[in-house]
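Residue numbers (our numbering), protein chains in the order written: chain A, 115 to 404; chain B, 12 to 331.
Careful: at least some of the hints might be erroneous.
Stated by the list, open to error - Here are the simulated lysine to any residue pairs, SDA-like style, with alpha carbons at most 20 Å apart:
hint: 1; chain 1: B; residue 1: Lys262; chain 2: A; residue 2: Trp244
hint: 2; chain 1: A; residue 1: Lys334; chain 2: B; residue 2: Phe258
hint: 3; chain 1: A; residue 1: Lys334; chain 2: B; residue 2: Ile291
hint: 4; chain 1: B; residue 1: Lys262; chain 2: A; residue 2: Ile352
hint: 5; chain 1: A; residue 1: Lys334; chain 2: B; residue 2: Phe180
hint: 6; chain 1: A; residue 1: Lys359; chain 2: B; residue 2: Phe245
hint: 7; chain 1: A; residue 1: Lys359; chain 2: B; residue 2: Ile291
Worth flagging that the hints you see were computed from the coordinates, not collected in a lab.
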Amino acid sequence: MTTLRPPRMAGLGPMLVVALIAAALYWPLMLAANVGPAGRTLASGAELDCRTALACASQLRNPVVPAPAQLAQGFVRLSTPVTSPLALPYNVGVTAGETLLGLLLATVTGLGLALLLVASRSFERATLPWLVASQTVPVVAIAPMLAVLLGQYGVQGFLPKAIIAAYIAFFPVAVGMSRGLRSADPLHLDLMRTYHASGAQTFRLLRFPASLPHLFTALKVSVTAALVGSIVAEISTISFSGLGKMLAENSRASDTVALWVIMGYGAVLGVTLVALVNVLERWVTPWSRR
Amino acid sequence: MTAVRTVAARPGAALSTAAALLVGVGGLLLVCLTLPAPGEGTPPDARAWLAGILALLAVGALGVRGAAQGESRAARTLPATLTLILAVLGTEALLRAYAVPAGLIPTPGRVLSALWTARSVLLQDTYTTFVLEALLGFLAGTALGLGLALLVVRFRFLELGLLPYAALFSSIPIVALAPVIVKAVGLDWPSKTVVVAVTVLFPVVVGAVRGLQSAAPLHLDLMHTYAARPEQTFRDVRIPTALPFLFGALKVSSTLALISAIVAEFFGTNGHGLGFRIQIEVGRFGLDVVWAAIVLASIAGMAFFALVSAAEARLLPRRS
């Protein structure tokens, strides 16, 4: 299974064209989305320094789709001062930390489970359906309870969110690794047998390296899942920092521009984390590069 | 690696398995019945009970292990069911032994009774969340994703220009997207349907394109030598090779769809849906109703996953 990589250089031209088209379409789409609410606001007799609905569409207080100038303003408002714990960069850092810790926990749990799944048929039969089922449980629902529960045993702050992130993220690792550990070439396995290699040696020299590409494919899924998990955890538990806390706060305050800016930051964080896994993959498994 | 074991050949093993299961399940059931429910009666001595419950669980696990031997139909399906029964009974027993207040974790028994007493409200919520939001959104997102994928495969320009963005967008966390869409579309259920459709869209596009492009060059050459028309090649080579990739994406999306619907409900509803119910009841410490909602959500999720898997089994040619 090859992973999807954007083609180098050759793709830049078309990517730019698509980006330009999207940018050109943004303004009319924004106006179209905002004209309705703007008309209603005008009709309600609110104080606005514009006459027609069309003119007001780009300067609503709570636009459906914010105008570029509003986005830029919102970006500056939420990003400065850069080091303040109320500004976005600090909160993005907090969420990133939780996500990475969660991913680490998920990888350890996932690897352990994968080993058990591969080692014991009865374990697989008894638990695999419920591992699948555990992924259909909406974590959002458990998050507040889990936080209270962990708080009872003195686990607070960073860790509950990381654990919730790990809860969503462990499954792809477990499934990917259990497939990976079985993916060693039968020919190579035979070769190991002719060398009279012990089980541990076969594992260390053959099965584990063969499973690494599967691990990284799984990690790319897991890292976004972990990000969703830590944001969800921040939204649904009592938290004082992080993207989720800012989302919840601004959603309650109906500050649409802020929501768009936070979404942008979330997207950048998601993309960065995936890129990080990609770098790690190339560093750990240089042989799988094509 | 695969040692063939047969249980039928050793009736003694089957007997001891049945005995272990009986002791494990029956013992736990007895423990649950003797211990008072949390908040009623005097709290029992937790330490002593813990040892007993763990021992019974271990015996039960041995029984499950025995039941999982062999290749019969029962050996494939029974262990999972037995594990669930053991886990539920074990949880109930432990919660009773430690007299955990229902405001912290309700016992499975209480959750079941909440499931029954609040059934009409919960079923209504499940209908909203599962059918209107998750299922409709999933279908819309899949249809849109397939259309986009076909375009991307047909036009090289779009592949170079659009696909990298699809890969980028699929790494945006849904929870960051949900509040924006809910604010833009409105509080009624269609806003959640849109959120689900958007979250499903990108994995489907990426999976379908990867699948459509994974046809072996040899097979394509063969079709070429047969002078097959492009639509024949498409039908006979590209689509069959794409299906496994597509279904991989669809399976991931099916669980994602339900979760996004529930997450989106956290950012505003008109008073329906499992996510709304969970949020409201957590605030009122009605944790038994919350867990009942979770049970329904996961049943819906499993049904959804099973549905996609069944479709996969039907459409995919069987191979080793």
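Going down the list of hints, with the structure as the test:
Proposed proximity of B:Lys262 and A:Trp244 is supported: the alpha carbons are some 16 Å apart, at most 20 Å. A distance of roughly 18 Å separates the Cα atoms of A:Lys334 and B:Phe258; the hinted pair therefore holds under the 20 Å criterion. Taking the CA atoms of A:Lys334 and B:Ile291, the gap is near 34 Å; set against the 20 Å cutoff, the hint is violated. A distance of roughly 33 Å separates the Cα atoms of B:Lys262 and A:Ile352; the hinted pair therefore is violated under the 20 Å criterion.
In summary, the hint linking A:Lys334 to B:Phe180 is supported, as the alpha carbons are separated by about 14 Å, within the 20 Å threshold. Between A:Lys359 and B:Phe245 the CA atoms are separated by roughly 48 Å; this puts the pair beyond 20 Å, and the hint is violated. For the given pair, A:Lys359 sits about 18 Å from B:Ile291 by alpha-carbon distance, which is consistent with the 20 Å threshold.
Hints 3, 4 and 6 from the earlier list are contradicted by this structure; the remaining hints agree with it.
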